[in-house]
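Given the sequences, and given the hints that come with them, work out the whole structure.
2 protein chains.
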Amino acid sequence: MKAEIIAVGTELLMGQVVNTNATFLSEQLADLGIEVYYHTVVGDNPKRLEELLQLADTRSDLIILGGGLGPTDDDLTKNVLADHVGVPLVQDAEGYAHMMTFFKNRQHPMTPNNLRQVETLKDGIPLQNRTGLAIGCLYKGKKNNYILLPGPPSELRPMFLEQAKPLLQKEFPTQEVLTSRVLRFYGIGESLLVTELAEMIKNQSNPTIAPYAKPNEVTLRITANTMDDTSATVLLDQAEAEIMAKVGEYFYGYGDTNSLEEVTVDLLKQHHLTVTAAESLTAGEFQATLGQIPGVSEVFPGGFVTYSKATKAAFLDIDPALLDTYGVVSQECAQAMAEHALAKAGTDFAVSFTGVAGPDELEGKIPGTVYIALARKGKETIVTENHFSRDRSYVRHSAVMKGLDLIRRAILNKN
Amino acid sequence: MKAEIIAVGTELLMGQVVNTNATFLSEQLADLGIEVYYHTVVGDNPKRLEELLQLADTRSDLIILGGGLGPTDDDLTKNVLADHVGVPLVQDAEGYAHMMTFFKNRQHPMTPNNLRQVETLKDGIPLQNRTGLAIGCLYKGKKNNYILLPGPPSELRPMFLEQAKPLLQKEFPTQEVLTSRVLRFYGIGESLLVTELAEMIKNQSNPTIAPYAKPNEVTLRITANTMDDTSATVLLDQAEAEIMAKVGEYFYGYGDTNSLEEVTVDLLKQHHLTVTAAESLTAGEFQATLGQIPGVSEVFPGGFVTYSKATKAAFLDIDPALLDTYGVVSQECAQAMAEHALAKAGTDFAVSFTGVAGPDELEGKIPGTVYIALARKGKETIVTENHFSRDRSYVRHSAVMKGLDLIRRAILNKN
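Protein chains in written order, with full-length UniProt numbering: chain H, 1 to 415; chain W, 1 to 415.
Simulated from the structure, these hints should not be mistaken for laboratory data. Mixed in with the good hints, there may be bad ones.
No copy labels: a pair is met if it fits in one copy or bridges any two.
Claimed, not checked - Below, in silico cross-link-like pairs of lysine-lysine (BS3-like), each with a Cα-Cα straight-line distance of 30 Å or less: (1) K142 - K365; (2) K202 - K47; (3) K202 - K365; (4) K202 - K246; (5) K2 - K122; (6) K214 - K2; (7) K122 - K202; (8) K47 - K246; (9) K309 - K344; (10) K414 - K246; (11) K344 - K170.
Here you go:
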């Protein structure tokens, strides 16, 4: 099956928004064994969109359209597609009910043009929008098939993953099964990982091995192409064993949507352990990262943001003389922050972050210098000196990831 | 002048790389007053690229190609374009000299296929590559014009900015100037904003008005098309005044890269005011948002994350009886958190967040119920009850934005 992805939106052509939807959808379609031959971006212009649909019909079996499902007059994708395939738009009852509930709980009033968002193509299969209002659609035409998705990634992604993807698997089953397994690594860069696995990657055919670098982590997607699940599992297990023999030290978990914070919180839960934090340069980002995970209250009661020297002393009862003697960008400060936070919160772990996010130097230390300490109930405190790079935001993110990994390794006795 | 951007690379169609080049080039071309009508991504396939060039010739004056200039066999963009316009490839002397110097200083040996990277279209204007090896080209055809650029953003961006952009200005001078102004709004949804401005948007021609929804905010880009800067300013000022008369209540700032947090921190700095926070459901996200801004230490000394009931009592000295009586998801808890944080940190403002991020209910309150309080030195505390929607992450983000806006309005006496 050949597919193409069309993004509709003048804001993309003006350079205001990056087309991350095309990247996401391509990755997902590759998973399903569907080949993507084109990405196109076209503005909010009915004539140009219709011309593009005519062209797409000649070269693709599946045409995925993203964007232009909003309430405003320049949101025209649904209308153009309905005209193109020759069916009217009809109101979807489930989408309408969801919209009514949404506005009932809201301070903003509903406007008549919102109703356009719950219209769908007659005879299409509506795709509900759990995180927004505009519903999507799968429309099976005589020759070509179309999927309509909303433009905002926060709506497009869940709609595709939860509804369009299972529907595609059901409606267009393939005989060959592509089975993927994602391995996640922290603490090793992509080029080093690829160098370690060079021989394997060079000789790959089935399963294939695709490395992918994300901020502060690398994932490896191994994909087997087989006729059944059992042989897929055998192939994937073999490849995984070979990979783990080389870089298993850095492996922290499986899965496409997994993360170091989820793995760490799961470990804390499994071992009935709790954690607090005292954050200087990260300013709450470590705790906010924990807070993203539902149910984290079981292992995280709260913590401190001690951005200034004064709050390090006041909130954590650290002796100001220690801060003056060693400076706030120091091992000693990190250790005191972690140990005092542990005592204040009464948790099993306390992690502290102090350093220089940048862009300016602090206490003669260059941006990227970060001390991270892990205080442990009844055990010696671990203090690390780190030198992170790139910009302010990346330094802070690197620090958060390192803090999570310190906890993870402490629980697994791998420090 | 109409332009389109073609990115060549199978890795884009596999979802391994995001097409940020198209975004960058679009922004740059908008600056030059060149309208971009299409972005397309095509794989490393000569036949499909040639078909695409034939189509592009019929609809665009300027066709910009990025990617496929590397040394490997699947890098074919230059060859396909040379065949398309009917000229041979020739070696560029300056590019060749640069390559020789590069390999002289390197440990990697040069391979024969590297020489392909310094070939250019006969009669084209070569674009040197300061940050890499593959040279680019501007080729002026009889009817259409083409620019060839390398794929890696670290090479494409400097080559465009330093060479292609000045060349475009010289070769294709435009008389018209496109001048944009971005207005940013918080507290009004896109559909309501558009309804308020319906008449203006319907009758727009010059300047044009383009609304764009981002998470928890809306921007309006007004763009004037004039012969000089002075008339642009007049047109933009008129449109802005008309917009402000209708929705000025929600306006918070100007600019493409501005944000509610930057505006709020700037206001705090201007008025020499400081802020702390006590965060429950946001778990540090408010403070981490402040922490993104360089120099925020001037106005933000630190604060508290009080996720559990116990830490609300312990870190902030709130009477446990109050928490038991009213519950933690209450106006009373929010008020106590803000006032106690203010006293502890000795700041001018303290903002508190307590509520239900979801997915589960808490104390009989549905997800999205959030109490946000703003304690002020020497003034009455403001307590707000909010009902946010969508998912856990959006509820937390909505709460952070509302907290920022409470501070901003308090400084401007607009609460």
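Against the structure, the hints come out as follows:
no. : hint        : verdict
1   : K142 - K365 : neither (67 Å within a copy, 49 Å between copies)
2   : K202 - K47  : between (43 Å within a copy, 19 Å between copies)
3   : K202 - K365 : neither (42 Å within a copy, 56 Å between copies)
4   : K202 - K246 : within (15 Å within a copy, 62 Å between copies)
5   : K2 - K122   : within (25 Å within a copy, 36 Å between copies)
6   : K214 - K2   : within (28 Å within a copy, 32 Å between copies)
7   : K122 - K202 : between (49 Å within a copy, 29 Å between copies)
8   : K47 - K246  : neither (53 Å within a copy, 32 Å between copies)
9   : K309 - K344 : both (18 Å within a copy, 15 Å between copies)
10  : K414 - K246 : within (17 Å within a copy, 61 Å between copies)
11  : K344 - K170 : neither (54 Å within a copy, 59 Å between copies)
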